[in-house]
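Participant: Residue numbers for the sequence shown follow the numbering used here, so the first one is 570 and each next one is one higher.
Hints should not be assumed to be uniformly reliable.
[Said to hold, decoys possible] FRET-style restraints, in silico, Cβ to Cβ: (1) Gly643 to Glu788: 35 to 41 Å; (2) Ala732 to Ser764: 26 to 32 Å; (3) Ala586 to Gly661: 31 to 37 Å; (4) Glu626 to Ala753: 19 to 25 Å; (5) Gly661 to Lys602: 18 to 24 Å; (6) Pro607 to Ala786: 25 to 31 Å.
Keep in mind the hints are simulated off the structure, nothing from the lab. Even for Gly, the Cβ is constructed at its ideal location relative to N, Cα and C.
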Amino acid sequence: MSPDLELALRLADAADAISLARFRSRDLVVETKPDRTPVTEADTEVEHELRAMLGTERRRDAILGEEQGASGKGRRRWILDPIDGTRNYSRGIPVWATLIALEEEGRVVLGVVSAPALHRRWWAERGGGAHAGGDQVHVSAVRRPEEAVLSFALEQPLPGLAARAWHARAYGDFWSHMLVAEGAIDGAIDAIGVSVWDLAAVQVIVEEAGGRFTDFAGEHRIDGGSAISSNGLLHDTLLAAVTGRV
570 MSPDLELALR LADAADAISL ARFRSRDLVV ETKPDRTPVT EADTEVEHEL RAMLGTERRR
630 DAILGEEQGA SGKGRRRWIL DPIDGTRNYS RGIPVWATLI ALEEEGRVVL GVVSAPALHR
690 RWWAERGGGA HAGGDQVHVS AVRRPEEAVL SFALEQPLPG LAARAWHARA YGDFWSHMLV
750 AEGAIDGAID AIGVSVWDLA AVQVIVEEAG GRFTDFAGEH RIDGGSAISS NGLLHDTLLA
810 AVTGRV
């Protein structure tokens, strides 16, 4: 484990302590941002703490966070989503996580997804495989849509592929991609409009699990505003689905 990954896991520990302490609190403060998405006091507290830790231990690194934007410059950038799934968090639904990634010269080199209310954490580092709960995880080997479990975002019309799949559901946010990495499901189509902090950590975990991760144009990027993750074998079919070719 590299010093950067060790730090990322400690950042996740700090985030979990803050977010769990406020989860399902009756006095949780929830506000609406200008883009009409919710933000809780836990979101801001988590990002503040992670920035403080990085400011002490990685002072030369840049930071991009959902709540406080960009700071610093350099070839290394930490990308933070303090709580992915804030709507779930604010309503007491346990499907939410802190996402932490490190990008070097435009390439994400490590990612941590910590979902303490689910008692689950995933992480990966380039060349080191993907892990969950101490075990290495791998994508599935399903090749046919008719045998596949697929996750589709509800923010957009479902493609015809959903009706062909053996099972189709909307797991949403980080969770759909982590289920792909674990091999529990075979592909996930995320909503149009997702941001860099939604995708950076999950990209490297899916890829290190042996999967494929692109935007809807098939580009290997986290800033395309859309995302598809898969076991690789079904990726072209999922790409065709979002472009209306199937």
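Participant: Kindly indicate which numbered hints from before are broken by the structure, ordering the numbers from low to high.
Facilitator: Hints 1, 3 and 4 are the ones this structure does not satisfy, whereas the remaining hints hold.
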